[in-house]
Amino acid sequence: MATVSTPIGEPIRRPERRVRLTYLNNGYGLRSWLFTLDHKRIAWLYLITITVAFMVGSIEATLIRLELLTPAGDLVQAENYSKLFTMHGITMIFLFLVPSIPAVLGNFFIPMMVGARDVAFPRLNLLSWYVYMLGALFLLAVMLLGGTDTGWTFYTPLSTTNYTQNVVPAAMGILIVGFSSILTGLNFLVTIHKMRAPGLTWFKMQLFLWSLYATSLIQVLATPVLAITLLLVAVERTLRVGIFDPALGGDPILFQHMFWFYSHPAVYIMILPGMGVISELISAFTRRNVFGYRFVAASSVAIAIYGFLVWGHHLFVAGQSVYSAMVFSVLSFFVAIPSAIKVFNWTATLYKASVWLQTPMLYAIGFIGLFVVGGLTGLFLAALATDVALSDTYFVVAHFHYVMVGGMLLAYLGGLHYWWPKMTGRMYPEFLGKLAAITVFLGFNLTFFPQFVAGALGMNRRYYSYDSSYQIYNVLSTAGSTILGVGFILPLFYLTWSLKFGKLAPDNPWGSAGLEWQSPTPPPPENFEEQPVVLHGPHHYTRKEVTVG
Amino acid sequence: MADTHAAQAAASGTTTTGTPTSAMSGSDTHFGAGYAVSAGSTAHGAHARAHQFDTPQQQYAASNLGMWIFLATEVMTFGGFFLAYIVYRALYPETFALASPHQSATWGTINTFALILSSLTMALAVHAAQTGNRRRLTMFLGFTIALACVFLVVKSIEYTTHIEENLWIGSQNFHMERPAGEIVDPEAARVDLDSTVQQGRAKIFFFLYWTMTGLHGFHVLIGIVLLSALLINNLRKVYSENYYTPVEMTGLYWHFVDLVWIFLFPLLYLLGGAHWHI
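Residue numbers (the working numbering), protein chains in the order written: chain A, 7 to 555; chain B, -16 to 261.
Mixed in with the good hints, there may be bad ones.
Said to hold, decoys possible - What the simulated footprint calls covered on chain A by chain B, stretch by stretch (three residues with Cβ under 8 Å from a Cβ of chain B suffice, anywhere in the stretch; the number is not a length): (1) 238 to 247; (2) 376 to 383; (3) 530 to 541.
Stated by the list, open to error - Under 7 Å between C-beta atoms, here's a sample of chain B residues computed to sit facing chain A: (4) Gln35; (5) Ala45; (6) Gly49; (7) Trp51; (8) Leu54; (9) Thr56; (10) Gly63; (11) Met122; (12) Gly125; (13) Asn149; (14) Ile152; (15) Gly183; (16) Ile187.
Claimed, not checked - Only some residues are given here: those of chain A computed to face chain B with a beta carbon under 8 Å: (17) Ile188; (18) Leu192; (19) Val226; (20) Asp257.
Hints are computed from structural coordinates only; laboratory data are not their basis. Beta carbons are placed, not taken as given, at the ideal position from N, Cα and C, and that holds for glycine.
Let's have the full structure, built from the sequences with the hints guiding it.
This is the structure we're talking about:
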């Protein structure tokens, strides 16, 4: 059995005393940030804005949970409740989850992992952020105007009737944010294709790059369809034409087909980057290459491809032909294969490894557990018969929150802690980090596990009041959400605190083998002081540990 | 000549700057096991190379790939429209056969020729840029812009006619008359166009017509802006046989815009038999 006497695989370099040019001291003042072309600074612009978006979305979620504490509508009534869950969905999906890992961690680390000085198109990169901000302003305006109440899915004919408000500005806001997502994906694809360092062949790439590559493919190919769909809704609503309105000869199911053709792949935009982060974390904190590296890499691309073939499982009860439904059901089961490949390989990597349980690794292990629950309950929903019963219940809500929050958000937090020293040059406080990770994990499960039960018992989603027999699950869920809230507020404070007061970080505090760690901390403006050349495969750890017994 | 282009293409995607040195050498570098430091990116002094690229060839290859990916997103964008078109044409073939003859095949053909010709002049412009012939580049960019303007002028004449005929979908008085001339399709000939149902279906056709040609026209407009920028830059002697990436990228875009029209023309103008009127 192999054990390590010290968790450090590579010698730790002490921070240098003299003032070195880094991307952080390369210019001061607001202008040097708002007009920067440096991908690392653009990542910070995104980090700050999506954190604000996350707080707004969390406040909306808090109000939803408070309302659902009691069966009757005390806090808000039907209309405002609809607006709350709609704006919660729009904010969290389009302003937080889609840009979270790609635009923050991807922006910062893709060029560093490929050993480049910047992304392929730095101006386009900055433009993406401004486009995102413009879309966010539209959505902010929608909120100030009183919000929209169609659900984030904008189903027709509801979204084209007079009963709903502010649909056009909300649709335009999402369309604009979508363009930002397309431009980011395009930039990453070209960067990964054309900017790799000498020696860095495809199967020497770190797994984070593979998953971001697959994500970018989806962003580039699916988002335009969402743009066109929302444009059609906006035109239909403005001009009173009936392309999706059955009364005027239109087909509302066509809307659902077009919407989910984007939005199902978009679900994978909201999990694939998380899987990439987890692969990095598991490799770094077990000192091993991920078991079955090539399969894990290829499974990212497989998920992206399958993602385009399964949108019909959102229409099982919408009136599509039963034969299409059967085909979509079978195809949906296929997604389980690449997902399981990842989970099994991560687990195999952990098997008999010397796991270093730092904060990022706690998040990674939490991710595996929660993603398994989220993924397996997905199979319940892919099966036609059970889905008919579970459609539009809290079971669905719990399922996708296990994937998006339990999966993507945990991975984002884990990745943020892992790369925080590289990004800021400061360590976060380890004890508080672990405390927050455990709090998030416990609070999350208490919030969302009862929703599986309530959903299986038949509690419908998207209603402001419910039968009193479901109250116990909702009380548990609301209690859990307060714990979850504490788990989110903690990092907000201690990470901000650490920017000024954190311990100075060494170049490579985790002894990680990733190329991004081979640069000084914080990185110089062009990432590396000299052009790196890649000689070994990814996650290459030399064996220095003492073998006992 | 084409040699220049071949040289650029051949070097695409390669990042061979310097030779790998030993991983363990140079203890004062920051690189751990598995990485080395290359001899350095010394291919400086090239024209208009951004700092993140090692060589102009790498920059060209990146721009080229970026443009193709952008065009893929454009295909998906128009693909959404084509999907809607296919669905509704399959559902309401007779109404579509009656709606299409309101488009003038004459104007449509003129515009199709204008765009195909502009693709030719664009290709000649790219060739002129590759060979560093600024005078010919100016000339062919001018021709392309002129043909694009012809297209938009014809399109606005058509739009005006449609609005006068109450075929604007936003109008309260939207009403599609039976088209003048012979209706080939016997099914279509029997349709009672005065019913609300048929008018709703006709409106769906014109919804697709206005949005598809509108989005395409918007692309033509963007194209004119890009081509004009190229023209101005060329007058300022920005391009040469060593640097013509923007010309070639705009060329790709322009051919795509033409190609979309090649699909739109038969789908929107030629159903139910071409009607030659102005």
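(message) Holds or violated: the hint that Ile187 (chain B) contacts chain A, with Cβ atoms closer than 7 Å.
(response) Since the shortest Cβ distance to chain A is 6 Å, the answer is holds.
(message) Please check whether Gln35 (chain B) passes as an interface residue: C-beta within 7 Å of a C-beta belonging to chain A.
(response) 4 Å, holds
(message) Let's test the interface hint: is any C-beta of chain A closer than 7 Å to that of Met122 (chain B)?
(response) 30 Å, violated
(message) Less than 7 Å between beta-carbons is the criterion; does Gly49 (chain B) satisfy it with respect to chain A?
(response) 5 Å, holds
(request) Answer holds if the nearest beta-carbon of chain A is closer than 7 Å to that of Gly183 (chain B); otherwise answer violated. (result) 4 Å, holds
(message) Under 8 Å between beta-carbons, do enough residues of the segment 530 to 541 of chain A, three at least, approach chain B for the coverage claim to hold?
(response) holds (count 9)
(request) Please verify that hint: Trp51 (chain B), Cβ, nearest Cβ of chain A, below 7 Å or not. (result) Interface hint status for Trp51 (chain B): violated (10 Å vs cutoff 7 Å).
(request) Return the status of the interface hint for Leu54 (chain B): holds when the least beta-carbon distance to chain A is below 7 Å, violated otherwise. (result) Interface hint status for Leu54 (chain B): violated (11 Å vs cutoff 7 Å).
(message) Quick check on the hint: Gly63 (chain B) CB to chain A CB, less than 7 Å?
(response) Status holds, d = 3 Å.
(message) At least three residues with a C-beta closer than 8 Å to a C-beta of chain B: is that true for the segment 376 to 383 of chain A?
(response) Three-residue rule not met by the segment 376 to 383 of chain A, so violated; n is 0.
(request) Double-check Ile188 (chain A) for me: the hint is only fine if its C-beta lies closer than 8 Å to a C-beta in chain B. (result) 6 Å, holds
(request) Mind checking the CB of Asn149 (chain B) against every CB in chain A and telling me if the closest is under 7 Å? (result) 14 Å, violated
Against the hints set out earlier in the document, violations occur for numbers 2, 7, 8, 11, 12, 13.
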